[in-house]
Amino acid sequence: MIEWQFESLAALIAMAPHGPFVWSVYGLGALVLGGLTWHVRHAHQHAITRIQRQFEREGGHESET
Amino acid sequence: MAWRWFHQWGSPRWFYERASRWQAWAGWIAVILLAVGTVWGLAIAPVDYQQGHSYRIIYLHVPVSFLAQALYLAMAIAAAVLLVWRMKLADVAMQSLAIVGFAFCVLALASGAIWGKPTWGTYWVWDARLTSMLILAFLYLGIIGLRSAMLDPNTAGKACAILALVGAINLPIIKYSVEWWNTLHQPASLTLTEKPAMPASMWVPLLINICGYYAAAAYLVFASMRGLVLHRERRAQWVRELVGAHD
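Note that the protein sequences, when read in sequence, are chains A and B. Heads up, the final residue of the first sequence is numbered 65 in the working numbering, and it's a clean run with no missing numbers. Heads up, the final residue of the second sequence is numbered 1247 in the working numbering, and it's a clean run with no missing numbers.
Bear in mind the hints are in silico, worked out from the structure with no lab data behind them. The structure displayed is predicted, hence computed values, not measured ones. Built from N, CA and C at the ideal position, the CB exists for glycine as well. Don't take every hint at face value.
[As the list claims (entries may be wrong)] Which chain A residues face chain B? A few, computed with CB under 10 Å, are given here:
# : residue
1 : E3
2 : F6
3 : L12
4 : A16
5 : G19
6 : F21
7 : V25
8 : H42
9 : A47
Using the sequences and the hints given, assemble the complete structure.
Okay, structure coming up:
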């Protein structure tokens, strides 16, 4: 049986009197996890793009050169 | 059989192909567990009679603190594998674990400092647990810095491996700091050997979030390693075929 600890969304946000501490931690957590996810996905895509460019510079497949 | 399994890890191609599936599974498990655990911890778990709502920081602080140490341990094991068996993938793993581990360590320190203000009346004290965690962050930073400062990747890998192994001495210091010294930091909230001091309605969401953050770390490490493997193996035929298929 789920029992919500807050009567309203405003009470959840306020978490009186600790809302600023709790939410700043979770905001920071979301920022770090989101930033890391973006970084690793971007690095993977960047690696693919670099290899494709190198491939194009070399004039396509090795067997054609 | 066991050795065959171990030797498979020597093949970057074998890892790259399988890690794609592991990464997807870890990502979805992380999203589901973190959504359930965080909502439960923030809105459904009962309020603490001493700390009030500030204790809800535990649902992020404890998992990321566990992970900051676990990822360093994984990095030290990868360092030993690199030095003994010269496995390229171990070097890639070290590189990825250092970045993800450093981010989790900074998050553990920051969340602990913010939690310290309403609980202890200060953001920071130079007690054994906090100081040893700060040293862990510097060790991570040292390993990342050392790698970027050296031009030859093989020499950089070996130097980082030695530093990672030497720094592993800090892990038991972090774990037992609350027992060896009189610290402001409380003892472990969850252990494998003892019944938790808090009720199930508080520790179940914590356990869910611990599993969720472990899955998130697995996703991040696998995703990071896949990018690094592609870069390192860029001259290999299988990479050229794979990247050609992306066109």
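A quick look at each hint next to the structure:
{"no.": "1", "hint": "E3", "verdict": "holds (7 Å)"}
{"no.": "2", "hint": "F6", "verdict": "holds (6 Å)"}
{"no.": "3", "hint": "L12", "verdict": "holds (6 Å)"}
{"no.": "4", "hint": "A16", "verdict": "holds (7 Å)"}
{"no.": "5", "hint": "G19", "verdict": "holds (7 Å)"}
{"no.": "6", "hint": "F21", "verdict": "holds (5 Å)"}
{"no.": "7", "hint": "V25", "verdict": "holds (5 Å)"}
{"no.": "8", "hint": "H42", "verdict": "holds (9 Å)"}
{"no.": "9", "hint": "A47", "verdict": "holds (4 Å)"}
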